[in-house]
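What follows is each chain in one-letter form.
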Amino acid sequence: MTTKKVVKKRSKTASYRIDSWATIRFLVTILFFILIGGGLWIGSTCSVSIGSVELTCPLGAAQVMAAAGVFIPALALGALLTILLIVLFGRAFCSWICPGRWIFNRRTQSGSRFRKYRAWIQRGLVGGVIGAAWLCHTPAFCIICPVGLSCRGAIAAGSGGSLFPIVGWLGVLVGAEWASGLSWCRDLCPLGALFTGFSRFNPFIKVEKNPEICKPCNICERSCAEGLNLAKDIDFSACTKCFECQETCPRGAVEIKLVQISVRGKDG
Amino acid sequence: MAEKASQDITRRDFLRVIGGVSSAGLLYLLLRPKWEFSSVRPPGALPGGDFESFCIRCGKCLTACDQNAISLDDEGLPEINGLSGWCDFSMNCIEVCPSGALQPIDPETAVIGTAIIDEERCIAWNWPGCRLCYDRCLDLQQAISLDEEYRPYVDETLCTGCAACVVICPQSSHAGHRNKKYGKAIFIG
Numbered sequence: 001m002t003t004k005k006v007v008k009k010r011s012k013t014a015s016y017r018i019d020s021w022a023t024i025r026f027l028v029t030i031l032f033f034i035l036i037g038g039g040l041w042i043g044s045t046c047s048v049s050i051g052s053v054e055l056t057c058p059l060g061a062a063q064v065m066a067a068a069g070v071f072i073p074a075l076a077l078g079a080l081l082t083i084l085l086i087v088l089f090g091r092a093f094c095s096w097i098c099p100g101r102w103i104f105n106r107r108t109q110s111g112s113r114f115r116k117y118r119a120w121i122q123r124g125l126v127g128g129v130i131g132a133a134w135l136c137h138t139p140a141f142c143i144i145c146p147v148g149l150s151c152r153g154a155i156a157a158g159s160g161g162s163l164f165p166i167v168g169w170l171g172v173l174v175g176a177e178w179a180s181g182l183s184w185c186r187d188l189c190p191l192g193a194l195f196t197g198f199s200r201f202n203p204f205i206k207v208e209k210n211p212e213i214c215k216p217c218n219i220c221e222r223s224c225a226e227g228l229n230l231a232k233d234i235d236f237s238a239c240t241k242c243f244e245c246q247e248t249c250p251r252g253a254v255e256i257k258l259v260q261i262s263v264r265g266k267d268g
Numbered sequence: 001m002a003e004k005a006s007q008d009i010t011r012r013d014f015l016r017v018i019g020g021v022s023s024a025g026l027l028y029l030l031l032r033p034k035w036e037f038s039s040v041r042p043p044g045a046l047p048g049g050d051f052e053s054f055c056i057r058c059g060k061c062l063t064a065c066d067q068n069a070i071s072l073d074d075e076g077l078p079e080i081n082g083l084s085g086w087c088d089f090s091m092n093c094i095e096v097c098p099s100g101a102l103q104p105i106d107p108e109t110a111v112i113g114t115a116i117i118d119e120e121r122c123i124a125w126n127w128p129g130c131r132l133c134y135d136r137c138l139d140l141q142q143a144i145s146l147d148e149e150y151r152p153y154v155d156e157t158l159c160t161g162c163a164a165c166v167v168i169c170p171q172s173s174h175a176g177h178r179n180k181k182y183g184k185a186i187f188i189g
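If you read the sequences in order, they're chains A and B.
Mapping to UniProt numbering: the first sequence position 59 is 59, numbers consecutive.
Mapping to UniProt numbering: the second sequence position 41 is 41, numbers consecutive.
Keep in mind that the hints were calculated from the coordinates and are not lab data.
Note that this is a predicted model, so its numbers are computed, not measured.
Glycine included, every Cβ here is placed at the ideal spot set by N, Cα and C.
Please note that a few of the clues may not be correct.
Just the calculated beta-carbon pair ranges, DEER-fashion [as the list claims (entries may be wrong)]:
no.	chain 1	residue 1	chain 2	residue 2	range
1	A	Val53	B	Leu146	48 to 56 Å
2	A	Gly175	B	Leu146	48 to 56 Å
3	A	Ala119	B	Asp13	20 to 28 Å
4	A	Ile30	B	Trp127	49 to 57 Å
5	A	Ala74	B	Asp106	16 to 24 Å
With the sequences and hints as input, model every part of the structure.
Below, the structure is given as structure tokens:
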């Protein structure tokens, strides 16, 4: 009886928590795709023009240049600007704009051996994708990239096109993720791997534990889509700035460092 | 121990799945049937394989097109399929292309294909009466003419491949180059 009551109460409070980060992130993603699909914004995550400035997906630019065998200055400049954004905001794209966060949502634990070789696996993913583009003379990953697929799906839905290939490819990716028992965003996404490489230099909006309050209960690791543990880990370049850890930390030990000023988490 | 064993299996499975998916994808990309059907690309598109290499598949050209002529094929490449709209050579798509897959061309002389009438399916060739494509083309290029039995013919020197006739034709299906023999052909009917 008592446990039932507790469960009911919890679900009720959860449904009213509109101010939670996950809801805001979901709404931002949806808004972004309405902008793309409604034609209010010429471009997608692959390439977008904001005024006279053009931002280009760095992995797409690298693949196109590898596939074409030509250096394309406009693409390279757009990719550089995007890399600058990644340095400024880290991997915030992954949790705030990328729909992959909502398509793939495996919270599997990564094996310790896997974590040990993660840096090399990420380099292999990026290199493999660019190598495949060079071999096929086609930006091969762009065809199956879940971000690009979703953007093209939004555009096709907005202009009355067919959604069949998009749904098909996304199904293949979700199937591959399920069969491998890994998480797409954490272990398999070449874009995430590339962004992790660049967000090493990101100094802004970092999550940090308050060492006086933190007791290493590892709840943050379970809540984190990237499997980061604030109590143990030192390198937070994979952090996607979703602030799930701040929400789930039972002691309120997670702080968000905004350059210098620190925003305190919930009181424990 | 049990945990370790399951971890090993997971990793092996992972490698197998990744290998399988990526090799299947590569095989598909290398061996897909290009000889049967290829799409009509927007104006200024680089020839065949070059276009596939240069296109970043961002879909900007699709949003920029006022006529809703461009749609995406299975690989995310833009094509003019003659189902939703026709090309008015406004060159909006070329202006927004970030990667140079669509190169600037002169709108006066631009040709993206040639209409070919499928005489087996054309209404006017089988039952006299329909002259929709002729009327449509009168406003644009006057590339379609009628013979004494009111059957349409296409003047290949005048046709720009704008696909306006394909859009209006009640018998037309997905426009594209059906066969290497016909070159840059868009079929009507």
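Hints, verified against the model:
Distance hint check: the CB atoms of valine 53 of chain A and leucine 146 of chain B are about 52 Å apart, consistent with the given range 48 to 56 Å. Distance hint for glycine 175 of chain A and leucine 146 of chain B: a CB-CB separation of about 54 Å, consistent with the stated range 48 to 56 Å. In this structure the supplied range 20 to 28 Å holds for alanine 119 of chain A paired with aspartate 13 of chain B, their Cβ-Cβ distance being about 22 Å. Our hint of 49 to 57 Å for isoleucine 30 of chain A and tryptophan 127 of chain B holds, since their Cβ atoms are close to 51 Å apart.
Against the hinted window of 16 to 24 Å, the Cβ-Cβ separation of alanine 74 of chain A and aspartate 106 of chain B comes to about 21 Å, which satisfies the hint.
In summary, this structure violates none of the numbered hints.
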